[in-house]
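Undergrad: Input sequences plus hints: build the corresponding full structure.
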Amino acid sequence: MSFISISLEVITARNGVGVTSGQLEVQRSLISWCFGKQNFVRPRRLLHAEVFKMVKVVFLHPDLGIGGAERLVVDAALALKSRGHEVRFLTAHHDPGHCFPETRDGTLSVTAVGDWLPRSVLGHCYALCAYLRMVYAALWLVVVSRWDYQVVLCDQISACVPFLRLNRWARVIFYCHFPDQLLTQRRSTLKRLYRAPIDWLEETTTGMADCVLVNSNFTAGVFRDTFSSLAHVTPAVLYPSLNFSAFDAPVGPPGHLVPQGAGTVFLSINRYERKKNLSLAIRALGKLKDTVPDDQWPTVHLIMAGGYDNRVVENVEHHQELVSLAEELNLTDHITFLRSFSDAQKRTLLTHSTCLLYTPSNEHFGIVPLEAMYMKCPVIAVNSGGPLETVGDKETGFLCDPDAESFSKAMRKFVEDKNLSKKYGNAGRDRVEKKFSFNAFTQQLNKVVEDTMKLEPRGGWVMTTFVTLLFIVGVGLAAILAQMLG
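To get the working numbering, take the position in the sequence shown, counting from 1, and add 156.
Simulated from the structure, these hints should not be mistaken for lab results.
It cannot be assumed that every hint is accurate.
Said to hold, decoys possible - Here are the simulated BS3-like cross-link-like pairs (lysine-lysine), alpha carbons at most 30 Å apart as the crow flies:
(1) 579 to 610
(2) 590 to 550
(3) 574 to 443
To be verified - Simulated restraints, written as ranges between beta carbons of each label pair:
(4) 451 to 386: 23 to 31 Å
(5) 408 to 377: 37 to 45 Å
(6) 408 to 343: 44 to 52 Å
(7) 455 to 373: 38 to 46 Å
(8) 476 to 267: 30 to 38 Å
(9) 278 to 472: 14 to 22 Å
(10) 417 to 582: 24 to 32 Å
(11) 485 to 282: 26 to 34 Å
Everything numeric in this text was worked out from a predicted model, so none of it was measured.
Cβ atoms here follow ideal geometry from the backbone N, Cα and C, with glycine treated the same way.
TA: Right under this line is the structure:
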């Protein structure tokens, strides 16, 4: 069959006029065959989204576990899949026992490569090893996989971008949750030497993507301030969203999740990491103990629910630190520690809690407050970062200074006014439905993909080669530094 003989059918199918769903499927198959790598040398202009309505997208993510970044990319894949695009995941690690259900029940195709690569060198160089694992996955995709794809959406680690561009026909979208160089401490000279090339690599490779997305206006501002050489890059804000249907499933009784007799239940949901400032919730509870009437205190309870991975040393250590803090403040009987809970348990906790305590400062966005508000659970959060854009102060909760005194004052309002939780909870649900719907997220992301497909293939082979060689040299130098640090 000639290309000309199907051209009118392609146009007709694209406009959805006079064809059945079966005919559409046949026509898409013909298009795929005609323009496949093995059958056709694709002219530049025919790669545009106006010809290919369905786009093949690969999501490249470092570790497909459980967290806000993982929830975002899973939702992004579901969003594009709902628009008829073909999506699949490539990751360096995927544990079916520690992941979102869509990545293990067949909803989304997941391939893991390079998990044999180390996560650290003698307990150091975590960033370098993470970069290596992502670069390996990118090279596997470009050189080994033989996958047919048109767009790669990667996030967290930009070092893979120049390697992805070795396939010059594919477009690369990079989602910047937050500049990585701002998430590490550099107390020693050796650490500063180790981080210098990594920081440069992050900034340079981020600018090599065809499109850069960020999760909030706050992160967009930090992006501009941090990456001074990327003044020509204007990141687009793509707010994370909620897939409402995932939270509309029936919720059962609290059972063992909420202690019997607990009348005012405060809930914290976050990974067991020190940067999440989880101790603030415990210290605030200690302050609250000193201010509420004696007859009300016995019914006050705090549930510390957090993402927990035995492979992550910080998770193990910080969990024990928090348990010790609760013992030190004589709060053991009023705190429940829960590790690695299911989605069903999270819905139950949010439904039966009085208020969510969200303790990180300068959080890039924070999906948990949205989840809480949709489940009609008010939020007390720190007055910085993403929550400034998601939580309505004195409307859907309270925005407070990051200290125990401020948090405890807000918590006391819910103890004293039993109707406040319902009032703020209803307002929170309305706010999420209006501003952070999955439909709005889907429309915006779909437009980003279509607009990116319209871009001409980029050159830059000299820079790509230079960055590749620099990365290889950096690996060697970092390994030497690791030996010195060890």
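Undergrad: So which hints don't hold here, by number, going up?
TA: 1 and 4
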